[in-house]
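Trainee: Listed below are the residues making up each chain.
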Amino acid sequence: EAGVAQSPRYKIIEKRQSVAFWCNPISGHATLYWYQQILGQGPKLLIQFQNNGVVDDSQLPKDRFSAERLKGVDSTLKIQPAKLEDSAVYLCASSLVGGSSIDTQYFGPGTRLTVL
Amino acid sequence: AQSVTQLGSHVSVSEGALVLLRCNYSSSVPPYLFWYVQYPNQGLQLLLKYTSAATLVKGINGFEAEFKKSETSFHLTKPSAHMSDAAEYFCAVILTGGGNKLTFGTGTQLKVEL
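Taken in sequence, the protein lines are chains Z and U. Numbers in our numbering are just positions in the first sequence, counted from 1, shifted up by 7. Numbers in our numbering are just positions in the second sequence, counted from 1, shifted up by 550.
Hint data in this document are derived by calculation from the structure and do not stem from the laboratory. Note that this is a predicted model, so its numbers are computed, not measured. Where hints are given, some of them may not hold.
Straight-line alpha carbon distances no greater than 20 Å define the calculated DMTMM-like cross-link-like pairs of lysine to aspartate or glutamate that follow [what the hints assert, rightly or not]:
(1) U:Lys608 to Z:Asp110
(2) U:Lys651 to Z:Glu75
(3) U:Lys661 to U:Glu614
(4) Z:Lys22 to Z:Glu92
(5) U:Lys651 to Z:Asp64
(6) U:Lys651 to Z:Asp63
(7) U:Lys599 to Z:Asp110
(8) Z:Lys51 to U:Glu638
(9) U:Lys651 to Z:Asp110
A short list of chain Z residues far from chain U (calculated; beta carbon distances all over 12 Å) [to be verified]:
(10) Arg23
(11) Gln24
(12) Lys85
(13) Leu123
Yeah, the Cβ is synthetic: ideal placement off N, Cα and C, and Gly gets one too.
Please construct the entire structure, taking both the sequences and the accompanying hints into account.
Mentor: The structure is reproduced here in structure tokens:
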């Protein structure tokens, strides 16, 4: 079974530029998550989708971050404009059900973003 | 607010020695607890999880953890460390009734020496 796929694996941009990350979850998984992992810290949930609807985006900086999952399958996370403090690894995860169920989350390899 | 604390950002053990990674949670209601491992340049992999069944949970790669409500702890152990265990380990919590939202600790980097 294929795991969670993410691209690109690495990205270097200048501050104030835009960047987008892509995630393809495990086939059949209804719930998709985006996490931000700053160096030396644990991952922090940015947004959670159930199919193509948002379940939780309380920690997403909405003035610069946006995410979509239009067809309930793959997802894109965008940052516009980027700041230095956005340098981090962006992890995508998926789970079979999610929502109110306690369900194992499977993580992709992440995208390492460096903002100069 | 729920949180999880990992004591020791770096732990070093000799190969063959006991591994003990500490995790304490703060919640008035017993949460669901997880341990994940992250190898360099890879995503997180679930080691084990506690979901209110048996308090001693066995996971992959010989790891296990014991939920102790009286101590609000969920420490991760392995009887004999192997070089391949060198990685970063994260304790995480989901509050009962909190959907599937994971809150992670700050991680513990495990080094295994010959």
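Trainee: Take the hints in turn and mark each one as holding or not.
Mentor: Each hint, compared with the structure:
no., hint, result
1, U:Lys608 to Z:Asp110, "holds (17 Å)"
2, U:Lys651 to Z:Glu75, "holds (18 Å)"
3, U:Lys661 to U:Glu614, "holds (18 Å)"
4, Z:Lys22 to Z:Glu92, "holds (9 Å)"
5, U:Lys651 to Z:Asp64, "holds (11 Å)"
6, U:Lys651 to Z:Asp63, "holds (9 Å)"
7, U:Lys599 to Z:Asp110, "holds (10 Å)"
8, Z:Lys51 to U:Glu638, "holds (16 Å)"
9, U:Lys651 to Z:Asp110, "holds (10 Å)"
10, Arg23, "holds (28 Å)"
11, Gln24, "holds (24 Å)"
12, Lys85, "holds (20 Å)"
13, Leu123, "holds (20 Å)"
Hint compliance for this structure: every hint is met.
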